[in-house]
Amino acid sequence: MGTPMMEPAQAEDSQLVQETLAGNRMSFQLLVERYEGRLFSLARHYTRNPVDAEDIVQEAFLKAFRRLDSFDGRSSFYTWIYRIAVNTVLDVMKRRGRSPVQNVEDPELVGEARPVSCPAPDAGLHTQEVSEITHRVLEELPEIFRTVLVLREFEEQSYQAIADLLGISIGTVESRLFRARAKFKQKLLALYPEFGGA
Amino acid sequence: MEACNQQRALIPSYLDGELSEAQAAPLRKHLLACQDCRNQAQGEKSLKAWFRTEGPAEVPEGFAARIARRAFDGDTGEPVAPLPAQNEAPILRFVLAATSVAAAVLLILAITLRSSDLPSSDRLRADSDSPQQLEEVLRELDRVNAKAALEAERK
Ligand SMILES: [Zn+2]
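Those protein sequence lines, which keep their order, are chains L and V. Its first residue numbered 1, the first sequence is counted upward by one per residue in the numbering used here. Its first residue numbered 199, the second sequence is counted upward by one per residue in the numbering used here.
Chain L with its partners taken away, still in its complex shape (with noise of 0.2 angstroms):
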């Protein structure tokens, strides 16, 4: 199977696309089973309607698709379509009239962000309530901090890996989740005052 370097999930989405170039409807079908999943996670943090949701990871595999002979396999498959999916959302984002994650605002120009202290989610709100709140507060936070929050807190992902999908340093990285923190304090607790109860 593959190289020995290669992990076997890896070595597998190689073949998959592999057959895909030649033809093969249906391992495109198992690449996008594989990886429908995670992208969805990603597009329901940009948009609570599932009919939105569902055409940005549409657009996201009919991007990959037209680009698959672009994949060399020097990163792993999902690390490229996620790539590509992180840009979807951002186009799509854009088209709608939000602000871009690079330029305007910049992070590093905005003054010390002072720092407020932040409320923990009463212990009596549900899992959803929690989320939507949280959404809503994202809601009002410029793409450059929404995407670095989301990236970070909902999907898990390494400075580096943050760094890597959005092209800029780790210390930028750093520095705008420094911020995006301080902001969605403050935008919580201009939103939901009654969590600023202590």
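Derived from the structure by calculation, the hints contain no laboratory data. Among the clues, some could well be false.
The list that follows gives simulated cross-link-like pairs (lysine-lysine, DSSO-like), each with its CA atoms no further than 30 angstroms apart [unchecked claim]:
hint : chain 1 : residue 1 : chain 2 : residue 2
1    : V       : K246      : L       : K94
2    : L       : K187      : V       : K243
3    : L       : K94       : L       : K187
4    : L       : K187      : V       : K246
5    : V       : K227      : V       : K243
6    : L       : K63       : L       : K94
7    : V       : K227      : V       : K246
Just so you have them, the derived chain V footprint on chain L, three or more residues with Cβ under 8 angstroms [said to hold, decoys possible]:
hint : stretch
8    : 25-32
9    : 170-182
All residues carry an ideal CB built from backbone N, CA and C; glycine is no exception.
Got chain L sorted already, so can you dock chain V with the ligand onto it with the hints?
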């Protein structure tokens, strides 16, 4: 105080699991000894608690098969349409209906015009009939329009 500032700056990275053991060990030691920094760390943890995962995302039934079919059919999938697909059908139906009514109007007009050209005793009748017919066609057009608009709205 200086030690606190230094250690505090590392707390987010520590909670993100991004510190090397060489950096994490002194921070842990400091946290055990310093209540203020422990509070700070607790605050950061509280923030993270808002990002609770909701479990696996739901994937629509038959999604992969649909995508594979569309990909091989040469569907480019771009861009995400601003109009939901369901709205296309009633609009298309409306356009078709409006077009066919317009064609009927033209046909009736043509017949009316031709008959009005005829030098016959029927001329008066033809004249009095045609506005009536036209009126009815226009009313029919209104009805079709209203129905299509209603359907489009309901979708
Ligand atoms: Zn301290």
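Evaluated hints:
1. As the CA atoms of K246 (chain V) and K94 (chain L) are separated by approximately 27 angstroms, the hinted pair is consistent with the 30 angstroms bound.
2. A C-alpha spacing of about 17 angstroms is found between K187 (chain L) and K243 (chain V), which places the hinted pair at or below 30 angstroms, so the restraint holds.
3. The suggested pairing of K94 (chain L) with K187 (chain L) holds, with an alpha-carbon distance near 22 angstroms, which does not exceed 30 angstroms.
4. A threshold of 30 angstroms between alpha carbons decides the hint, and for K187 (chain L) with K246 (chain V) the separation of about 15 angstroms falls inside it, so the pair holds.
5. Distance hint between K227 (chain V) and K243 (chain V) is fulfilled; the C-alpha atoms sit about 18 angstroms from each other, no more than 30 angstroms.
6. Using a Cα cut-off of 30 angstroms, the hinted pair K63 (chain L) and K94 (chain L) holds, with the two alpha carbons roughly 17 angstroms apart.
7. A threshold of 30 angstroms between alpha carbons decides the hint, and for K227 (chain V) with K246 (chain V) the separation of about 22 angstroms falls inside it, so the pair holds.
8. For the stretch 25-32 of chain L, the stated coverage by chain V holds: 6 residues have a C-beta nearer than 8 angstroms to a C-beta of that chain, and at least 3 were required.
9. Proximity of the stretch 170-182 of chain L to chain V, defined as three or more residues with a beta carbon under 8 angstroms from a beta carbon of that chain, is established by the 4 residues found.
The structure meets every hint from the earlier list without exception.
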